[in-house]
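Engineer: Given these sequences and hints, build the entire structure.
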Amino acid sequence: MILRRVGRAEPRWANSFHSNQFQDFDRIRREMFRFLDSYPGGYDAPSAGVFPAINVTQDRDNYYVRAELPGVKATELDITAVNRTLSIAGKRTAAEEAGVSYHRKERMDGEFNRSVSLPGDFDSERVDARFVHGVLTVTLPKPERVKPRQISVKTQ
Amino acid sequence: MSDSALHTRETQEPSATEATEATHAGRVVAPAVDIFESARSLTLLADMPGVAPDNLEIDLNEGVLTVTGRVSPPQGPHEEPVLREYGSATFQRKFTLSQSVDQAKIEARLEDGVLRLELPKLEKAQPRKIQVKS
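Which chain is which? The protein sequence lines are Y and X, in order. Each residue of the first sequence is one higher than the one before, counting from 1 in the numbering used here. Each residue of the second sequence is one higher than the one before, counting from 1 in the numbering used here.
These are calculated hints, taken from the structure and not from any lab test. Warning: the hint list may mix true and false statements.
To be verified - Below 30 angstroms or equal to it, Euclidean Cα-Cα: the simulated DSBU-like pairs (lysine-lysine) are: (1) X:K124 <-> X:K105; (2) Y:K142 <-> Y:K154; (3) X:K124 <-> Y:K73; (4) X:K129 <-> X:K105; (5) Y:K91 <-> X:K94; (6) Y:K73 <-> Y:K142; (7) Y:K91 <-> Y:K73; (8) Y:K73 <-> X:K129; (9) X:K94 <-> X:K124.
Structural biologist: Here's what the structure looks like:
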C-alpha cells in the first residue's frame, strides 16, 4: 500500500510567528493522542499526520473507501481508479480572512494525494462516489466473477 | 499584535483524566481548530467530518463553550474492515471564553464537516474611532 501526503510542508501561519511557534508541538501532541487512543479499538492502522484518514471495508458486493475530508469542496476532489488502486487527490483552501490575527492554526490546508491498493479487482466503470458532511464514500463494485457463490451439494 | 483584549483558552483536553465519565461509550477525539480574531468578532473553525447538524451540540455554561459532535457509524451491517485509520469517535473540545464575547449573539454553521462559530465581541470591547473636533 502506498501512503503518502503531498502538500506544503509548512502551513501558512498568520502574521505573527511569535504566538504560533508552539502550535507545531500542539498539533503533534494531538495527533499522538489520536494515535494512542486508537489502541483499545484493536486494529486501527497508524495514521498520525496523514491526510486524509482512510477506512476501507468490504462486503459481498462492494469495496467501500471512506475518507475524512472536512472543508474540501466536492468540485475540488479528483478521484481516479486504475487497476486495483484508487487515488484521491484534492486541495483544501483556507478561507482567507483579511485583517485578522490567529490565536490557533491547527487545520492544515494545501494539496493532498493519497492512494490505496485494494485487495481485489473492482469494476472501474461502475465506481460511485458520494460526499456527505465532509466524508467521502467511494463504492467500488466487485466484478461478478470474484463474488462468493453458494455451491449446492448434490447427492447421488 | 499579540496583546488582544480577547482570549480563548482551552479548559482541558478530552484525553486528560476527567472527574466525570462520558455517558457514551467510545473514543473522544479533539477536533483540529482554527481561531482567529477580527476587530468585531472571534471565529472558530473546527474539523468535524461525519457529523450531521442534528448530532452537533454546542453548550455554553458559565463561560465555558463545549462543542460536541457525534458520528454515527456509516458502515453497512455486513461490511468487514480491510484498513482502518479512524473510528467513529465523538469529537469534543472545550474553550473558556473571555468576558468580552457577547454570549447571546453566538452563531454556528456546519458545512462539509466544518463547524464555524462566530463569537461577536461586546460593543464596549470593540475598537472605536474617536473623532477629534476642532
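Engineer: Please go over all the hints and tell whether each is borne out by the structure.
Structural biologist: A quick look at each hint next to the structure:
A distance of roughly 14 angstroms separates the Cα atoms of K124 of chain X and K105 of chain X; the hinted pair therefore holds under the 30 angstroms criterion. Taking the CA atoms of K142 of chain Y and K154 of chain Y, the gap is near 28 angstroms; set against the 30 angstroms cutoff, the hint holds. A hinted pair counts as satisfied when its Cα atoms are at most 30 angstroms apart, and K124 of chain X with K73 of chain Y does not qualify at roughly 38 angstroms. Taking the CA atoms of K129 of chain X and K105 of chain X, the gap is near 23 angstroms; set against the 30 angstroms cutoff, the hint holds.
Distance hint between K91 of chain Y and K94 of chain X is fulfilled; the C-alpha atoms sit about 29 angstroms from each other, no more than 30 angstroms. Under the criterion of a C-alpha separation no larger than 30 angstroms, the hint pairing K73 of chain Y with K142 of chain Y is consistent with the structure, at around 28 angstroms. Between the alpha carbons of K91 of chain Y and K73 of chain Y the distance comes to roughly 8 angstroms, so the proposed pair stays at or under 30 angstroms and holds. Distance hint between K73 of chain Y and K129 of chain X is unfulfilled; the C-alpha atoms sit about 39 angstroms from each other, more than 30 angstroms.
Taking the CA atoms of K94 of chain X and K124 of chain X, the gap is about 25 angstroms. The hint holds against a cut of 30 angstroms.
In the structure shown, a violation is registered for the earlier hints numbered 3 and 8, in ascending order.
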